[in-house]
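Could you put the whole structure together from the sequences, leaning on the hints where they help?
2 protein chains.
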Amino acid sequence: MHQFNASALELADAQAKGLHTIGDAAKLTGVSAKMIRHYETLGLINPTDRTQANYRVYQTRDIHLLRFIKSARDLGFSMKQIAQLASLWQNEQRSSAEVKKLALEHIHEMDERIEALQNMRKALNDLATRCHGDDRPDCPILDGIACCKTPGSNP
Amino acid sequence: MHQFNASALELADAQAKGLHTIGDAAKLTGVSAKMIRHYETLGLINPTDRTQANYRVYQTRDIHLLRFIKSARDLGFSMKQIAQLASLWQNEQRSSAEVKKLALEHIHEMDERIEALQNMRKALNDLATRCHGDDRPDCPILDGIACCKTPGSNP
DNA sequence: GCTTGACCTTACCATTATGGTAAAGCTTAG
DNA sequence: CTAAGCTTTACCATAATGGTAAGGTCAAGC
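Chains as they are written, first to last, in my numbering: chain A, 1 to 155; chain B, 1 to 155.
Some hints here could point you the wrong way.
[Unchecked claim] In silico DSS-like links for lysine-lysine, alpha-carbon gap of 30 Å or less:
id	chain 1	residue 1	chain 2	residue 2
1	A	Lys122	B	Lys80
2	B	Lys122	A	Lys80
3	B	Lys27	A	Lys34
4	A	Lys122	B	Lys17
5	B	Lys80	A	Lys34
6	A	Lys122	B	Lys101
7	A	Lys122	B	Lys70
8	A	Lys70	B	Lys122
9	B	Lys80	A	Lys27
10	A	Lys101	A	Lys17
11	A	Lys17	A	Lys34
12	B	Lys17	B	Lys27
13	A	Lys101	B	Lys122
These are calculated hints, taken from the structure and not from any lab test.
Structure (structure tokens):
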């Protein structure tokens, strides 16, 4: 398991060269070590070099990419979308139209989710405002849930 | 596996009595047979009677409960919340206040999700409107994703 | 040198709600 | 009797993240 290739450093040497362990990378980027490893298995980030002891070592460009991924996650992009975005980000030949297309698609998805949530919210809120909310058992909310939908004929 | 108890019917007899197979129940309620079985393992619905051939048979009250569950799902309630709602629905001693409390909690959760989505949408839309979206590579969207967030000091 | 604590490694399990598949058994129409 | 179409259970998969366990490594202090 322990691969000794010519370039494998000891940890102290790596740190002296400004390289980071996975814990450092996590602190620097806000991405958990767990997820950094996960992104590696997803192919979202390339496997890093390792120390002689098999520790991952991260370079500055890796930190930047992890921050990019983190920001894109914070904007709600899926991993699949982020893979595309990261690829465009690292491609000097990209067209901004490609990026904008992805962004607009994601905005559209968010709009749909927002609308669905707002519709559910309104339906439930309408029921809730009709419910007195006291000690008595009769409840327009339960009645509404039980009776609104008729996905088939009543047997 | 094949349990012969005194009350186990043959399928034809069960259907003559107005009972339903799982496929019928699925068609009548809009809940897939797969999910009906799943809800049973979750304890959301009680195990039904079986025919001699071990087929589940559903009574009218089961159909009603499944419709209740389906409607609550359509309103975005989680399974955990639905278990509580269904319990209240079937409890004649409930207070409507308990139901309303659950409903208001769910509305609050939806409000939070809506707000989070709207914030993401706005942030991304602001970037997108600044992107010309043409053949050139420079892109405020990518720049914004890469540079907005600084979860640590730059190394 | 040896211990200790903090870190790293991999491998596995859990989450949520849903869908899919496979292998086997049952039912009913032809 | 056979074929189609149902049913059964038991797995596996999803998306993104967290947790745990068992073991290796590093640095500091005695």
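Hint by hint, here is what the structure shows:
1. Lys122/A to Lys80/B: holds (21 Å)
2. Lys122/B to Lys80/A: holds (21 Å)
3. Lys27/B to Lys34/A: violated (43 Å)
4. Lys122/A to Lys17/B: Status violated; Cα separation ~40 Å.
5. Lys80/B to Lys34/A: With a Cα-Cα distance of about 28 Å, the restraint between Lys80/B and Lys34/A holds, given a limit of 30 Å.
6. Lys122/A to Lys101/B: holds (16 Å)
7. Lys122/A to Lys70/B: holds (18 Å)
8. Lys70/A to Lys122/B: Given that 30 Å is the threshold and the Cα spacing comes to 18 Å, the pair holds.
9. Lys80/B to Lys27/A: This hinted pair is violated, its Cα atoms lying about 35 Å apart.
10. Lys101/A to Lys17/A: The given pair, whose Cα atoms are some 40 Å apart, is violated under the 30 Å limit.
11. Lys17/A to Lys34/A: Holds: Lys17/A and Lys34/A sit about 24 Å apart, inside 30 Å.
12. Lys17/B to Lys27/B: With Cα atoms ~18 Å apart, Lys17/B and Lys27/B stay inside 30 Å; holds.
13. Lys101/A to Lys122/B: Between Lys101/A and Lys122/B the Cα gap is close to 16 Å, so the pair holds against 30 Å.
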